[in-house]
Amino acid sequence: MASNQDPKEISKALVNIREQEDDELYFDPKTGKLVARSPNEIAPLDSDSVPATEMAREGFFRAG
Amino acid sequence: MDLARRLQLEDNLLRRHFYGFRIQDLQGGPNLGVVGTLTTNSARRYSLWIPLERFPGQAPRMYVVSPLLNDHKGNPLWEQGVRSDMHLLSANEHRHVQICHYQDSHWSIDVTLYKVVMKGRIWLEAYESHLRTGNTIDYYLGHM
Chain A
1 MASNQDPKEI SKALVNIREQ EDDELYFDPK TGKLVARSPN EIAPLDSDSV
51 PATEMAREGF FRAG
Chain B
1 MDLARRLQLE DNLLRRHFYG FRIQDLQGGP NLGVVGTLTT NSARRYSLWI
51 PLERFPGQAP RMYVVSPLLN DHKGNPLWEQ GVRSDMHLLS ANEHRHVQIC
101 HYQDSHWSID VTLYKVVMKG RIWLEAYESH LRTGNTIDYY LGHM
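If you read the protein sequences in the order shown, they are chains A and B.
At position 64 of the first sequence (counting the first as 1) the number is 64 in our numbering, and the numbers step up by one without a gap.
At position 54 of the second sequence (counting the first as 1) the number is 54 in our numbering, and the numbers step up by one without a gap.
Worth flagging that the hints you see were computed from the coordinates, not collected in a lab.
Each statement offered as a hint is correct.
The calculated lysine-lysine pairs, modelled on DSBU-like cross-linking and capped at a C-alpha distance of 30 Å, are:
| hint | chain 1 | residue 1 | chain 2 | residue 2 |
| --- | --- | --- | --- | --- |
| 1 | A | K30 | A | K12 |
| 2 | A | K8 | B | K115 |
| 3 | A | K30 | A | K8 |
| 4 | A | K12 | B | K115 |
| 5 | A | K8 | B | K73 |
| 6 | A | K12 | B | K73 |
| 7 | A | K30 | B | K115 |
All values reported here derive from a predicted model rather than from experimental measurement.
Start from the sequences and build out the full structure, keeping to the hints where you can.
Structural data, given as structure tokens:
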């Protein structure tokens, strides 16, 4: 089962998402962890995981 | 949908997806808001407070109430005021940093608190990346 939860892998995925690459981000409610998936990932994801890619991709408010 | 019904639905959604999260004072009280603790992938815990006095008409504020946050150099983030490169608005009087999540122009009454908390979760992961590397948070999370 795909479960790339290493914080450094999450960091890389966030950067890739910001740069409009095809990485995906999921949230696992059972563990509270974020899960990164690269475009070539073929292993199945935990069925309870919920997608979080779009929330990362849409960005955050630029304050100031 | 009236506000009470909306808040009940929001509470149900939060409880289903974020363990320990709830809307306090749901039945009435002076401190209506979301409370809960998130655990990052490195197992650090952060408590959030999202007051709901202006929800859903406006984007609610979101504060990290515990622990008090420093930047990667150990300087308190609450002293640094508004920082667009860290996606932070002004901290409150209790030194709780405020995450800027949705811009008003991107907010609608349909946005759920689930999405707000999820943004907080993502921000915290980016914050820890900042602590490890010194890169500002907007290196990891783009701007709207």
